[in-house]
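As you go down the protein sequences, you meet chains A and B in turn.
Position 9 of the first sequence, counted from 1, bears residue number 9 in full-length UniProt numbering, the numbering being contiguous throughout.
Position 532 of the second sequence, counted from 1, bears residue number 532 in full-length UniProt numbering, the numbering being contiguous throughout.
Fair warning: there could be bad hints in the mix.
To be verified - Among the chain A residues that face chain B by a calculated CB cut under 7 Å, a handful are: (1) MET1; (2) LEU2; (3) PRO7; (4) TYR27; (5) PRO31; (6) TRP39; (7) LEU43; (8) ARG46; (9) ASP47; (10) THR60; (11) TRP66; (12) ASN76; (13) LEU88.
Quick caveat, the hints were computed from the structure, so don't treat them as lab data.
All C-beta atoms in this analysis are idealised placements derived from N, C-alpha and C, irrespective of residue type, glycine included.
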Amino acid sequence: MLLIPCPWCGPRDEAEFRYGGQAGIGYPADPAALSDAAWAEYLFFRDNPSGWFAERWFHTAGCRRWCDALRNTEDNAIAGACPPGGTLPEVPR
Amino acid sequence: MSGPERVEIVFDGRTLAARRGLSLAAALLEAGVRTVSTGAATGRPRGVYGIGAEEPGAFVRVESAVGAPMAAATEVAVEDGLRASGLAGFARLPAGQEEPAAVRRDKVWAHCDVCVVGGGPAGLAAARAAADAGARVILAGRGAEFGGGLTGAAAAIGGVPEREWRAGQAAALAAAAEVRLLRRTVVTGRYDHGELIALQRRPDAPAGGALERLWHIRAGAVVLATGGAERPIAFEGCDLPGVMLAGAAAGYARRFGVRPWRSAVVFGCHDEALWNAAELHDAGVRIAAVADARPEPGAAPAAALAERGIALHRGHGVLRARGGADGTLDAAVLAPVDPAGRACGDPVEVPCDLLAVSGGHDPVLDLAAHTGLRPRWSAARAAFLPAALPEGLHCAGAAAGTRAAEDAVAEGAAAGAAAAAGPEVPGGGAAPGPVAARTAHGAADGGAPPMALWATAGPDTDEAAVVVDLAREATLADVRAAVAAGRSSVEHVKRSTTIGTGPDQGRTSGVLLTGLLAAMLGRGMDEVGGTTRRPPYAPIPFAALAGRDTGEFLDPVRRTPMHAWHEAHGAVFEDVGQWKRPRYYPREGEDMGAAVLRECRAARSGAAVLDASTLGKIMVAGRDAGVFLDAMYTGMASTLKVGRCRYGIMCTADGMVFDDGVAVRLADDRYLITTTSGNADTVLAWLEEWAQTEWPHLCVQFTPVTDHWATVSLTGPRSREIMAGLAPRMDVSAAGFKFMTWRDGEVAGVPARVLRVGFTGELTFEINVAAHYGAAVWEAVQDAGLEHGITAYGTETMHVLRAEKGFIVVGHETDGSVTPLDAGMGWAVSTKKDFVGRRSLARADSARADRGQLVGLVPDDPRRVLAEGAQLVAASDAGAAPPVPMQGHVTSSYDSAALGRSFALALLRGGRDRHGERVLAVHLDEATPARVVDPVFYDKEGSRRDG
Chain A
1 MLLIPCPWCG
11 PRDEAEFRYG
21 GQAGIGYPAD
31 PAALSDAAWA
41 EYLFFRDNPS
51 GWFAERWFHT
61 AGCRRWCDAL
71 RNTEDNAIAG
81 ACPPGGTLPE
91 VPR
Chain B
1 MSGPERVEIV
11 FDGRTLAARR
21 GLSLAAALLE
31 AGVRTVSTGA
41 ATGRPRGVYG
51 IGAEEPGAFV
61 RVESAVGAPM
71 AAATEVAVED
81 GLRASGLAGF
91 ARLPAGQEEP
101 AAVRRDKVWA
111 HCDVCVVGGG
121 PAGLAAARAA
131 ADAGARVILA
141 GRGAEFGGGL
151 TGAAAAIGGV
161 PEREWRAGQA
171 AALAAAAEVR
181 LLRRTVVTGR
191 YDHGELIALQ
201 RRPDAPAGGA
211 LERLWHIRAG
221 AVVLATGGAE
231 RPIAFEGCDL
241 PGVMLAGAAA
251 GYARRFGVRP
261 WRSAVVFGCH
271 DEALWNAAEL
281 HDAGVRIAAV
291 ADARPEPGAA
301 PAAALAERGI
311 ALHRGHGVLR
321 ARGGADGTLD
331 AAVLAPVDPA
341 GRACGDPVEV
351 PCDLLAVSGG
361 HDPVLDLAAH
371 TGLRPRWSAA
381 RAAFLPAALP
391 EGLHCAGAAA
401 GTRAAEDAVA
411 EGAAAGAAAA
421 AGPEVPGGGA
431 APGPVAARTA
441 HGAADGGAPP
451 MALWATAGPD
461 TDEAAVVVDL
471 AREATLADVR
481 AAVAAGRSSV
491 EHVKRSTTIG
501 TGPDQGRTSG
511 VLLTGLLAAM
521 LGRGMDEVGG
531 TTRRPPYAPI
541 PFAALAGRDT
551 GEFLDPVRRT
561 PMHAWHEAHG
571 AVFEDVGQWK
581 RPRYYPREGE
591 DMGAAVLREC
601 RAARSGAAVL
611 DASTLGKIMV
621 AGRDAGVFLD
631 AMYTGMASTL
641 KVGRCRYGIM
651 CTADGMVFDD
661 GVAVRLADDR
671 YLITTTSGNA
681 DTVLAWLEEW
691 AQTEWPHLCV
701 QFTPVTDHWA
711 TVSLTGPRSR
721 EIMAGLAPRM
731 DVSAAGFKFM
741 TWRDGEVAGV
751 PARVLRVGFT
761 GELTFEINVA
771 AHYGAAVWEA
781 VQDAGLEHGI
791 TAYGTETMHV
801 LRAEKGFIVV
811 GHETDGSVTP
821 LDAGMGWAVS
831 TKKDFVGRRS
841 LARADSARAD
851 RGQLVGLVPD
861 DPRRVLAEGA
871 QLVAASDAGA
881 APPVPMQGHV
891 TSSYDSAALG
901 RSFALALLRG
911 GRDRHGERVL
921 AVHLDEATPA
931 RVVDPVFYDK
941 EGSRRDG
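Chain A extracted, bound-state conformation (with noise of 0.2 Å):
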């Protein structure tokens, strides 16, 4: 089980926290104004790197806050996180 140091509460144990997915991935401002394609591309094109993969999780169980972790795919390791869209730590990419 992953050990999150989630940025108001310290770490905290994987299971109190929901998956989000990619981290980035803003809500288009208009998106009426895209393609299909760039839609689709909004809605379901996803990194899936082997290595350093910055990505969100949701306390779900603890504060119900959102945060931004940068975790490694390889082996787990996370380098750090940050409240949604703030600043991750700089890492070997």
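Chain A is already provided as a structure; the job is to place chain B on it using the hints.
Chain B alone, transformed into the frame defined by chain A:
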């Protein structure tokens, strides 16, 4: 130490005297039981082979105390009244035997700076050093006492005899404030971020205490002092009872004084096996011969054997173990062997009843492997050693390949200190890496390097009798056949031969298989590698994983304030999420169908009442609440006037219906929204997600208030009269209290908020009161309704009534692939604003004419209720050979009192344009004809909603 206590145990129906503190395996050896069980496939006899978790042969069923359908005899402790029997073939769960209720199990969550796994010399030293450095320490050891392989050894640590040293360490640890000692505890898994799972057996638990305890440990750093695993050498007949690991045999003699053998042959290829021979001799076992496959064994052990007058055969190996009349070991056949184990001289036969064999020792690194570490082969040490340990993981003692006790202690202390220091060492120095493994095999100590030897063979060796995996009874011939079939990956050979898949998980056969494959394929040991080690390291009973989370503690149960009334009135409950909701209230002689028809009739013709307290309720507050809800609902919320309510649908971004409910505008900056009963938490999370991650600039907050309120939904044409009686100061007239409005007032003498919203199509008052008034108000409604024939109804009736009106239920009519337009609710979708999901509704796929659309169905046979989930096919496809094109499926289906017949809702391809068409509803090979109709079956004009 006082004299060992003798207790009675029963094995295979025989009563034996045994010493407490021994393992069952030791007790059986001492009692002269040579054959403990039989092989699952061949039925060949199996004796005690090892001394710990590595045991591949002696499996038993434990019938007393906690019990176990299958356990290694080496892992079962002798207790008074122990009953066990040898397993013949496969393990079987005892039929119809309930576990005694007294067996209790629980779970503990613990945190520490340093967790030391293993209670041997390295582990004790590591725990001491970490504790001395001020760390919070957990030390987990498998035995009833700490000491591990050191126990009973002639070794001294820093001049202190081992027993004194052990006692001193344990006492110092017990006295330390921040040290937790877990005895009889096996760490079964190591997971991410320092998480360990451990199983503790507690035969000495106080009465009523847990006999097994599952530990969830979160450690800042972990020291693996998990010791070494001895591997055998394979030869013909090496599975006979009487053949044992040399270290195990010496361990039984040294640690427990168990030495039932008259004459022993020892066979090895490293110095420690020679020392084992000396130990057995010193314990009183006659050593008939010692064979060392190396031409040059260590000078010191060779001298020790010579001193004792023991014949040491250099460059020799055992080619064959011979069985006697009872099927157990009778003699060993020795011959000179070359470095590959092939016989190169004349064999001699040596009678013996113990053949102690040892091919070397590999560190037990399962817990390191659980997160992906691969050990590396050391040719010099003839063992797989740890390599490149990640930060926060340390390895010491035999687990690092260090076999000598004093070296292991030094290494353990260093690892403990490093673990306590963490990655940053004060003073700016780099953290110490894994301590370099030392060797006790240097020529300076009179030692000689070990040799890697996997199997021996003579000219007439039958490879089908050279057993590689005792538990799986897989042989050298099986390995050779797998390679001949073209398999070259150790994982493929494992699956092909089953080597390593037995209950012992191949602890004695894993490295052997790698070595044999490397030799057959001409590859290096690292190139072949080992099979993946996965948790759990040792078996965990499911019951231990469950702990107390069974029965009523399995999942929280949520009950409404009116629950006691429902129970007293015979309600049949159904689970909705964690809620218990009345499904129907059967009267004398009624089945569900009859009860539901009665409840429906009451709602349509008189008055009926539903406990709607489980409806999800979320307070949405803040000056931007309206703007925010506009983005969440398909319809408008910001234009809703204070005092009014509006039905709303929420979609996911892909345009599919996600939830529905009613938005109630309480004030300019305040809404109460309702959600589906089972979906309240999901909707709350959804709102939080958008508010926090997309539009944090909006001022809006959410408060879940579901169980703050009790909700009584009073429906039916006579409900106004009842309301008038309950709330004399409230204007409940059709003109004064309009549909989709709300007001605060007093109902049954308590403050209440009443909504004119409903789900039945009839005149409805939804009375909300503070939860603690719920039971009283519910009863007051019953009393006030008595003269009007008020009838309590449950969820089943609610479903029938809403389906008659064509109202959808999220999860019935929707499944994550249904848009509001598919569900026929375009009227609830605004075209004037953006909302989450709107763009998706403009995709070509959303506009497809052949999407599943909500329709009604009336079966040709009015008494026939279609199966929910039944697939729909065109009537013209009746009798056609499959596959027949699917047209849709039945989503809800009931018998209706108001219609006097059965009816259903369905999603049908292009259904809105197919009213009047006939379809077949297919369920369990039966096709039921039905006609497609409008989904609103009852009161299409909506004339009944205002009474």
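>> Run through the hints listed earlier and report the numbers of any the structure violates, in increasing order.
In response: 3, 8, 9 and 13
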